[in-house]
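*Asks:* Sequence:
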Amino acid sequence: MSESVSPSPIIDYFVHEIEPSLPEDGKARMAGYADRIAATTHHGDFRRAWHCADWAIRVAEASPGSTHGHLVTGLKERHTLWKDMIFGAEFGMRHVDGVGPGQDAEIQWVDDAVAVAKAEADRSGWEAVPWEELLDQMLAVAAPKS
Numbered sequence: 005m006s007e008s009v010s011p012s013p014i015i016d017y018f019v020h021e022i023e024p025s026l027p028e029d030g031k032a033r034m035a036g037y038a039d040r041i042a043a044t045t046h047h048g049d050f051r052r053a054w055h056c057a058d059w060a061i062r063v064a065e066a067s068p069g070s071t072h073g074h075l076v077t078g079l080k081e082r083h084t085l086w087k088d089m090i091f092g093a094e095f096g097m098r099h100v101d102g103v104g105p106g107q108d109a110e111i112q113w114v115d116d117a118v119a120v121a122k123a124e125a126d127r128s129g130w131e132a133v134p135w136e137e138l139l140d141q142m143l144a145v146a147a148p149k150s
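Numbering (this note's numbering), first residue to last: 5 to 150.
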């Protein structure tokens, strides 16, 4: 079995992509997650990325007066296609150093969540963006039991 990669590359990428756009109080709240983030590993990253995709769809759909309709449609289509492709690929491929098939999809799901968050922040302000809810969901993903 390969060694764990820590912190979780998916969570680390999410923080790296969203933090620069957060207002100062958001950055301060993000700093409060540092210990929990540091304690994560790559185990469960597929589920964490899946949370990003689900979150992006839900937030874009729920946004009142949203102009994200095209984004939601595209996210749903990609989400379904990647789901089918990844689950098939995981059946036939082994994981190497914690990186398995579908990592590109995982990064795209994080990118989609960050894009929705930034678009909603531009429209309604960061206080209307439940980014901490998504981070909490990703942090709640436990490593699979051996």
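For the record, the hints were derived by calculation from the structure and aren't laboratory data.
Be aware that a few hints might be false.
[As the list claims (entries may be wrong)] Under the rule of at most 20 Å between Cα atoms (straight-line distance), these lysine to aspartate or glutamate pairs were calculated in the EDC-like manner:
id, residue 1, residue 2
1, Lys-122, Glu-136
2, Lys-31, Glu-7
3, Lys-122, Glu-7
4, Lys-122, Glu-28
Model, not experiment: these values are computed from the prediction.
*Asks:* The structure should be examined with respect to each hint, and the outcome stated for every one.
*Replies:* Taking the hints in turn, this is what the structure says about them:
1. Taking the CA atoms of Lys-122 and Glu-136, the gap is near 14 Å; set against the 20 Å cutoff, the hint holds.
2. This hinted pair does not check out: Lys-31 and Glu-7 have alpha carbons roughly 31 Å apart, beyond 20 Å.
3. Restraint check for Lys-122 and Glu-7: the C-alpha separation of about 34 Å exceeds 20 Å, so the hint is violated.
4. Restraint check for Lys-122 and Glu-28: the C-alpha separation of about 15 Å stays at or below 20 Å, so the hint holds.
Hints 2, 3 from the list above are not met by this structure, while the remaining hints are.
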